[in-house]
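**Q** Okay, here's what each chain looks like letter by letter:
There are 2 protein chains.
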Amino acid sequence: MAGQEVSNKQVVLKDYVVGFPKESDMEFKTSKINLKLSEDSNGILLKNLYLSCDPYMRSRMTKHDRPTYVESFPIMGYGVSKVLDSRHPDYKAGDLVWGITGWEEYSLISSPQLFFKIEHTDVPLSYYTGILGMPGMTAYAGFYEVGSPKKGDRVFVSSASGAVGQLVGQLAKLNGCYVVGSAGSKEKVDLLKNKFGFDEAFNYKEEKDLDAALRRYFPEGIDIYFENVGGKMLEAVLSNMRLHGRIPTCGMISQYNLEQPEGVHNLFEIVAKRIRMEGFIVFDYYHLYPKYLEMILPHIREGKVSYVEDVAEGLESAPAALIGIYSGRNVGKQLVVVSRD
Amino acid sequence: MAGQEVSNKQVVLKDYVVGFPKESDMEFKTSKINLKLSEDSNGILLKNLYLSCDPYMRSRMTKHDRPTYVESFPIMGYGVSKVLDSRHPDYKAGDLVWGITGWEEYSLISSPQLFFKIEHTDVPLSYYTGILGMPGMTAYAGFYEVGSPKKGDRVFVSSASGAVGQLVGQLAKLNGCYVVGSAGSKEKVDLLKNKFGFDEAFNYKEEKDLDAALRRYFPEGIDIYFENVGGKMLEAVLSNMRLHGRIPTCGMISQYNLEQPEGVHNLFEIVAKRIRMEGFIVFDYYHLYPKYLEMILPHIREGKVSYVEDVAEGLESAPAALIGIYSGRNVGKQLVVVSRD
Numbered sequence: 001m002a003g004q005e006v007s008n009k010q011v012v013l014k015d016y017v018v019g020f021p022k023e024s025d026m027e028f029k030t031s032k033i034n035l036k037l038s039e040d041s042n043g044i045l046l047k048n049l050y051l052s053c054d055p056y057m058r059s060r061m062t063k064h065d066r067p068t069y070v071e072s073f074p075i076m077g078y079g080v081s082k083v084l085d086s087r088h089p090d091y092k093a094g095d096l097v098w099g100i101t102g103w104e105e106y107s108l109i110s111s112p113q114l115f116f117k118i119e120h121t122d123v124p125l126s127y128y129t130g131i132l133g134m135p136g137m138t139a140y141a142g143f144y145e146v147g148s149p150k151k152g153d154r155v156f157v158s159s160a161s162g163a164v165g166q167l168v169g170q171l172a173k174l175n176g177c178y179v180v181g182s183a184g185s186k187e188k189v190d191l192l193k194n195k196f197g198f199d200e201a202f203n204y205k206e207e208k209d210l211d212a213a214l215r216r217y218f219p220e221g222i223d224i225y226f227e228n229v230g231g232k233m234l235e236a237v238l239s240n241m242r243l244h245g246r247i248p249t250c251g252m253i254s255q256y257n258l259e260q261p262e263g264v265h266n267l268f269e270i271v272a273k274r275i276r277m278e279g280f281i282v283f284d285y286y287h288l289y290p291k292y293l294e295m296i297l298p299h300i301r302e303g304k305v306s307y308v309e310d311v312a313e314g315l316e317s318a319p320a321a322l323i324g325i326y327s328g329r330n331v332g333k334q335l336v337v338v339s340r341d
Numbered sequence: 001m002a003g004q005e006v007s008n009k010q011v012v013l014k015d016y017v018v019g020f021p022k023e024s025d026m027e028f029k030t031s032k033i034n035l036k037l038s039e040d041s042n043g044i045l046l047k048n049l050y051l052s053c054d055p056y057m058r059s060r061m062t063k064h065d066r067p068t069y070v071e072s073f074p075i076m077g078y079g080v081s082k083v084l085d086s087r088h089p090d091y092k093a094g095d096l097v098w099g100i101t102g103w104e105e106y107s108l109i110s111s112p113q114l115f116f117k118i119e120h121t122d123v124p125l126s127y128y129t130g131i132l133g134m135p136g137m138t139a140y141a142g143f144y145e146v147g148s149p150k151k152g153d154r155v156f157v158s159s160a161s162g163a164v165g166q167l168v169g170q171l172a173k174l175n176g177c178y179v180v181g182s183a184g185s186k187e188k189v190d191l192l193k194n195k196f197g198f199d200e201a202f203n204y205k206e207e208k209d210l211d212a213a214l215r216r217y218f219p220e221g222i223d224i225y226f227e228n229v230g231g232k233m234l235e236a237v238l239s240n241m242r243l244h245g246r247i248p249t250c251g252m253i254s255q256y257n258l259e260q261p262e263g264v265h266n267l268f269e270i271v272a273k274r275i276r277m278e279g280f281i282v283f284d285y286y287h288l289y290p291k292y293l294e295m296i297l298p299h300i301r302e303g304k305v306s307y308v309e310d311v312a313e314g315l316e317s318a319p320a321a322l323i324g325i326y327s328g329r330n331v332g333k334q335l336v337v338v339s340r341d
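Those protein sequence lines, which keep their order, are chains Z and E. Position 50, counted from 1, in the first sequence is what UniProt numbering calls 50; the numbers after and before it change by one each time, with no gaps. Position 257, counted from 1, in the second sequence is what UniProt numbering calls 257; the numbers after and before it change by one each time, with no gaps.
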């Protein structure tokens, strides 16, 4: 019953990381893997096609003295994969799936129930690392379930051209909101205004006074801040929130590589303006995935929602691609193609 | 139709305050007031009996460049008063009321619809500055409506012997929660444990490491933090919250007198633990007041809920009483008796 044994290139974290991660924090290893599962397995064997680079991945590179929401080692992340062999009743060879896999050519998954089967392939398969995968669900759950949007709400999105932000802005427009985004380059700002239909956008790196920038775009204040960055931007936003404003708190990428995170000094605004600031994690909302697909797929097919990807070719390019997202080098959703089929 | 003109002693703020307020920031003035309303009035004329000293009052002593939730000048605050004359159909001479009045012997109120009529006088009248007034409703709304408590929840209350905190702890115990409070003296800690029935209590001034103190009392973490103080305590609490914890954010008294508020550096905990931090103001919940009275009055009458007051005698003592709450000099709810009838 022995199957074919092949070499399996992998990306491995060499050691825990302090500060900004570097390419040299990762290294390539090659092991062997048998493409046929043993008879006592209950798992699936995957060929990885697309790997997703997501900000949250920084967290599990840090040595924690307490448990956090991500704990794994070596590098694991969301990806789109093809099932080569299955001993699990829900999957068969040839199925396409997305879920948390390894940064390697082939992965043996012992808990395949955490994977989603891909049913719709008339849209780009890579979208299942982005708008049709975890980041898409994050935007949807954060905006609708945590943000409680109403028509006419004034919405601000930071990190707005990223995997999540570009969709939040478009959902907000579909919902009849006024939307402003911030990003870190002219090219990204142009995308926000011309491709994603944000009402306004600005380059936060060119604003000496974020508070003044927000006052310019939100003279009457912000109803919903979709929080991706934390730190000084959060502080400026708090000063510009409206009464009963909501802050779905998705991430704080500006803080992940700092040894001492920045302090936020004006949290009293939360009392004065009755603000609800609520952290959320997409895991808690995956039961809504079918409902989300039903809503978003027609918009994608009809071109009413756009999605911009930044595609790195080959597993060899994965470390640089991952590191790039912490300095904003990517334009749009960063992903890595391991293989196109 | 001219009525009796009498002298009216008042407490006035001399100028905006920076840093900790001092007695010398206030002064006494005496004016004249006619105890009979003019015929074209739609207001009520009050004799003030009890005045309430509340932390939020610090805010309107500061000169703001933007509107905040409290704006008035000279000193105004919650109080219990007797109607001496009324030109408003809802009130008549002899009624007892509570609401926002002036720090003076007699007040002319032009918008009396904001006052609550006192119907139950078998309990101490001064309670309407505390457990039966704004602080009581604050505890009730914050704990039940914002905190979403469940039986068995682990609850932490800061400023726990104060006007709001002492009641939050008792409501939490009635609700089957485990409750720990912090306060600033041994006397207060004893009250929390022996009078209010908290499971545990500690003196935050004697804890060098607040994080370690909280870990000691909450080895499995905190479900609900009723936030009254902000700053370093909030930072320590965030590190000790449990998944899906809630932080009803009532006030941040530790920050009110700082020229530069402290920074909170670990807001990422809000994401990692899916915490909901929500500011609230009692105004938004006054429609629940009848329901609250119906619940709390029997508990008070049966002695199942206690309430400790710190009573200053005479309007002359009001400035010192107000200033004392910012250094924690009061033990229990601070109020001032202007007149007992």
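These aren't lab readings, by the way, just hints derived from the structure by calculation. As the structure is a prediction and not an experimental result, all values here were calculated from the model. Backbone N, C-alpha and C fix where the C-beta goes; we use that ideal spot for every residue, glycine too. Just to be clear, a hint being listed does not mean it is correct.
[As the list claims (entries may be wrong)] DEER-style ranges, computed between Cβ atoms:
| id | chain 1 | residue 1 | chain 2 | residue 2 | range |
| --- | --- | --- | --- | --- | --- |
| 1 | E | A320 | Z | H265 | 28 to 34 angstroms |
| 2 | Z | G176 | E | K22 | 34 to 40 angstroms |
| 3 | Z | G176 | E | E39 | 48 to 54 angstroms |
| 4 | E | H265 | Z | K63 | 17 to 23 angstroms |
| 5 | Z | V311 | E | G176 | 53 to 59 angstroms |
| 6 | E | R216 | Z | H265 | 50 to 56 angstroms |
| 7 | E | E200 | Z | V311 | 51 to 57 angstroms |
[Said to hold, decoys possible] 30 angstroms max Cα-Cα, derived DSSO-like pairs, lysine-lysine:
| id | chain 1 | residue 1 | chain 2 | residue 2 |
| --- | --- | --- | --- | --- |
| 8 | Z | K208 | E | K232 |
| 9 | E | K173 | E | K195 |
| 10 | Z | K22 | Z | K232 |
| 11 | E | K82 | Z | K208 |
[Unchecked claim] Computed footprint of chain Z on chain E, listed as stretches where at least three residues anywhere in the stretch have a Cβ under 8 angstroms from a Cβ of chain Z:
| id | region |
| --- | --- |
| 12 | 31-41 |
| 13 | 132-138 |
| 14 | 240-252 |
**Q** Each hint should be assessed against the structure and marked as holding or not.
**A** Structure-based check of each hint:
1. E/A320 - Z/H265: 28 to 34 angstroms: Since the Cβ atoms of E/A320 and Z/H265 sit about 30 angstroms apart, the hinted range of 28 to 34 angstroms holds.
2. Z/G176 - E/K22: 34 to 40 angstroms: Violated: the Cβ-Cβ distance is about 52 angstroms, outside 34 to 40 angstroms.
3. Z/G176 - E/E39: 48 to 54 angstroms: The hint (48 to 54 angstroms, Cβ to Cβ) holds, given that Z/G176 and E/E39 are roughly 51 angstroms apart.
4. E/H265 - Z/K63: 17 to 23 angstroms: For Z/K63 against E/H265, whose Cβ atoms are near 19 angstroms apart, the range 17 to 23 angstroms holds.
5. Z/V311 - E/G176: 53 to 59 angstroms: Roughly 54 angstroms apart at Cβ, these two residues keep to the hinted range, so it holds.
6. E/R216 - Z/H265: 50 to 56 angstroms: 29 angstroms, violated
7. E/E200 - Z/V311: 51 to 57 angstroms: Given a distance of about 56 angstroms, which is inside 51 to 57 angstroms, the answer is holds.
8. Z/K208 - E/K232: 29 angstroms, holds
9. E/K173 - E/K195: It holds: about 13 angstroms lies between the C-alpha atoms, which stays within 30 angstroms.
10. Z/K22 - Z/K232: 24 angstroms, holds
11. E/K82 - Z/K208: 55 angstroms, violated
12. 31-41: Answer violated; 0 residues pass the 8 angstroms Cβ test.
13. 132-138: Violated: only 0 residues of the region 132-138 of chain E have a Cβ under 8 angstroms from chain Z.
14. 240-252: With 4 residues close enough to chain Z, the hint holds.
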